[in-house]
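S.K.: Residues per chain are reported as follows:
Protein chains: 2
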Amino acid sequence: MSHGEPKRHHVVIVGSGFGGLFAARALKRADVDVTIISKVTHHLFQPLLYQVATGVLSTGEVAPATREILSRQRNVQVLLGNVTDIDLDQKLVVATTPMGLITKSYDSLIIAAGANQSYFGNEAFSEHAPGLKSIDDALELRGRIFGAFEMAELVDDPAVVEQLLTFVVVGAGPTGVEMAGQIAELSRRTLRKDFRHIDPRMARILLVDAAPTVLGGFGDRLSSYAERQLIKIGVEVKLNAAVVGVDAEGVDLRMANGEIERIESICKMWAAGVSGSPLGRLIAERSGAEIDRVGRVKVEPDCSIAGHSNVFVVGDLMALDNLPGVAQVAMQGGRHVAKLIKKRAKGKDVSADFEYWDKGSMATISRFRAVASVGRLRFSGFFAWILWLVIHLLYLIGFKNRITTLLHWVVSFFGRGRSERAGTVQQVLGRTALKRIQTDEWNLPNTKKD
Amino acid sequence: MSHGEPKRHHVVIVGSGFGGLFAARALKRADVDVTIISKVTHHLFQPLLYQVATGVLSTGEVAPATREILSRQRNVQVLLGNVTDIDLDQKLVVATTPMGLITKSYDSLIIAAGANQSYFGNEAFSEHAPGLKSIDDALELRGRIFGAFEMAELVDDPAVVEQLLTFVVVGAGPTGVEMAGQIAELSRRTLRKDFRHIDPRMARILLVDAAPTVLGGFGDRLSSYAERQLIKIGVEVKLNAAVVGVDAEGVDLRMANGEIERIESICKMWAAGVSGSPLGRLIAERSGAEIDRVGRVKVEPDCSIAGHSNVFVVGDLMALDNLPGVAQVAMQGGRHVAKLIKKRAKGKDVSADFEYWDKGSMATISRFRAVASVGRLRFSGFFAWILWLVIHLLYLIGFKNRITTLLHWVVSFFGRGRSERAGTVQQVLGRTALKRIQTDEWNLPNTKKD
Chain A
19 MSHGEPKRHH VVIVGSGFGG LFAARALKRA DVDVTIISKV THHLFQPLLY QVATGVLSTG
79 EVAPATREIL SRQRNVQVLL GNVTDIDLDQ KLVVATTPMG LITKSYDSLI IAAGANQSYF
139 GNEAFSEHAP GLKSIDDALE LRGRIFGAFE MAELVDDPAV VEQLLTFVVV GAGPTGVEMA
199 GQIAELSRRT LRKDFRHIDP RMARILLVDA APTVLGGFGD RLSSYAERQL IKIGVEVKLN
259 AAVVGVDAEG VDLRMANGEI ERIESICKMW AAGVSGSPLG RLIAERSGAE IDRVGRVKVE
319 PDCSIAGHSN VFVVGDLMAL DNLPGVAQVA MQGGRHVAKL IKKRAKGKDV SADFEYWDKG
379 SMATISRFRA VASVGRLRFS GFFAWILWLV IHLLYLIGFK NRITTLLHWV VSFFGRGRSE
439 RAGTVQQVLG RTALKRIQTD EWNLPNTKKD
Chain B
19 MSHGEPKRHH VVIVGSGFGG LFAARALKRA DVDVTIISKV THHLFQPLLY QVATGVLSTG
79 EVAPATREIL SRQRNVQVLL GNVTDIDLDQ KLVVATTPMG LITKSYDSLI IAAGANQSYF
139 GNEAFSEHAP GLKSIDDALE LRGRIFGAFE MAELVDDPAV VEQLLTFVVV GAGPTGVEMA
199 GQIAELSRRT LRKDFRHIDP RMARILLVDA APTVLGGFGD RLSSYAERQL IKIGVEVKLN
259 AAVVGVDAEG VDLRMANGEI ERIESICKMW AAGVSGSPLG RLIAERSGAE IDRVGRVKVE
319 PDCSIAGHSN VFVVGDLMAL DNLPGVAQVA MQGGRHVAKL IKKRAKGKDV SADFEYWDKG
379 SMATISRFRA VASVGRLRFS GFFAWILWLV IHLLYLIGFK NRITTLLHWV VSFFGRGRSE
439 RAGTVQQVLG RTALKRIQTD EWNLPNTKKD
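Chains A and B are the protein sequences, given in the same order. Counting from 1 along the first sequence, just add 18 to a position and that's the residue number in our numbering. Counting from 1 along the second sequence, just add 18 to a position and that's the residue number in our numbering.
Hints may be right or wrong, so weigh each one.
When chains are identical, the list treats them as one kind, so a pair holds in a single copy or across two.
Unchecked claim - Here are the simulated lysine-lysine pairs, BS3-like style, with alpha carbons at most 27 Å apart:
#	residue 1	residue 2
1	K109	K361
2	K211	K25
3	K364	K256
4	K361	K250
5	K46	K357
It should be emphasised that the hints constitute simulated quantities derived from the structure, not laboratory data.
Can you build the whole structure from these sequences, using the hints too?
M.R.: Rendered as structure tokens:
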């Protein structure tokens, strides 16, 4: 089925992340119609997703509805759909939707489908060590983290308690550092007085990476500062340690000396690598474009695909000048191609290279401690943390989300609280790592299943 | 397995709802040890659950962690477990937990296991018309309600759009009235500008009940006021209409004249009846206590079970003097039995009848409109709404939840926003009524499953 095709220049955007959303917004005053097709109904503010996974923020705060954000931009329609094929000759996009297949024709196409977690060929690890890429992931991890403490409270065997209270975070980039820091805070502060049988402060939190430093991209000074701070708040940092095995009961590490070290751990998480959305391979097949080692599509300097000047790839799925997969690259890329399209819709045959303005990067380690790298400047400690806080608040979408987020931060930084800990029965039981019982068994016969 | 048994008088509480939580709190200064065993890790503030189902509040705001609420009360331990058996002679409680069976001995037992939705023998209806009893239910309904609008935006066939935009709420008690009112608000205000293909204001919201009035227990004046207000905000009120069929595509009603009316509707919800937790039947079997028509346990005037003065049933599972299944009965019942236990733990052989103080009842209809019945007084309109607002804020657990809830209310009552709309892929797709596609099909091959 298809809706009446618009007569104006029609821009189809695949994805509602930073790339897709910022492209759509930049087309506000353009003489075009825009259709966003996304697999999810929200725009995910990925940089704060780890705070959902650790109970600080609610899902709504980091994932406002895309159609609500764009409700006043009348030239944009938002559709729930999973793009499964693209016909570059016919200029058609095909998507699976809850109501069947839809086909949309486009004049310009922006592919901003992002990246998934990568397990470097060991996809079987994903069941035991979920990544942190979606709201689904964050709620799954939240259920596992809080669930591990709940389960530990129930057992007497010290070895099992230890296994349940050992958390392994794989990957010492910003997401891994932030997750490890948050789990340390949870166990040392938030949950300190919540249990009677276990002492949550005994939790072991391991941050593991095959590389020799944490936060590799931040430079030596910030890397070693971050490592020191992590150790100070109780995180065991294991570097030069490659993960060679992940199963339900633990993780195997190959250390620098070649020896295998086994860590018994129920709750693992993966923040080690990404690979471009499968849509990247599809577009490469259809267009002959190259894809790089991690599945990203190599684009021309203006972000278009070779031979298809009206088809663009932006954000985490784009391979250009080794730009990193961060929000700023996606936002600026989205805005760049929107500007090109806007001019072309007016009949101007323009082209312009994408010039990325690196505003810097930052990562929090604990409350009051962060690192930030801005141009040649390096900040660490409290000042960097304030910088982190202000910038993230500013970039959050929507006034009300800023207010409630700030409030939740005040509560969790200055108090002990984590307000957003409520899990569904399914989250707490159905998918916890041990899977000793199933959700269905949780109810007595004759009760309604959840 | 069992932990070292406490030497002090041991009170086991089954359930962390109003009955269980208020009993535990009232035992704060008692010379007893308390163990709460609950199927969920949170205390659910049921009266505001419909606001989670309609995107106003986050799960954390209505469901703080039970162990966090009680963290400073050192004589309480909270355990995640589903009580499956009770041995009244041995004074033992058996529970399934994620870590296997546990057995707890008790000196006093408080059963506050609540009630489930009842479909009056038509349990098959539950798949198509979920109830609203748990966080799982609320998220399921939220996914279905917002999902129906998402799906309608994707189709051209006017009959399908109409079916998707027809919402049927079964049961015109407070929960049904509040849900119908909220869906009306959603369609008329919140979502008004969010879509391009459909007009959300065309949504039909039906409130159906076999009884001749809405809010039956509130008296004629408030009933007719509520009905008028509902009609005013766009709800179709169908009274004297018994639901005789519910399937994936709609609902069959038997009207007063005996005719069957078919309503084509994808999104249905059930707020028509409750039945006591299956634990009620179990305790009745074990003790010889009677259970009433809706599965509640008939108790002695002091809330204990005949022949077992140390075993109490409180809250929605308790049948005594026709008291209704509302929060106040559970809170006061919990406190009453806690007082008895506290005195008995001191060696006093006391007994006292439970005297319920009816503080009144209230229900919101729309923003700025509510009804309240307090003693002989009847309030309706704006004043009743302010009363509702203040009382619900006061009873919410925790200062921070009061603040963020108030903020979300300001946003949704004075603005248009619903901040908490973010659904997981599973919620938006996997369990929507149509089930045209499955979650697993949402990803292209080789992508990680959520």
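S.K.: So, for every hint listed, does it hold in this structure?
M.R.: Here's how the hints hold up against the structure:
| no. | hint | result |
| --- | --- | --- |
| 1 | K109 with K361 | within (20 Å within a copy, 80 Å between copies) |
| 2 | K211 with K25 | between (63 Å within a copy, 22 Å between copies) |
| 3 | K364 with K256 | neither (56 Å within a copy, 55 Å between copies) |
| 4 | K361 with K250 | neither (53 Å within a copy, 48 Å between copies) |
| 5 | K46 with K357 | within (11 Å within a copy, 65 Å between copies) |
Violation of the numbered hints given earlier is confined to hints 3 and 4; the remaining hints are satisfied by the structure.
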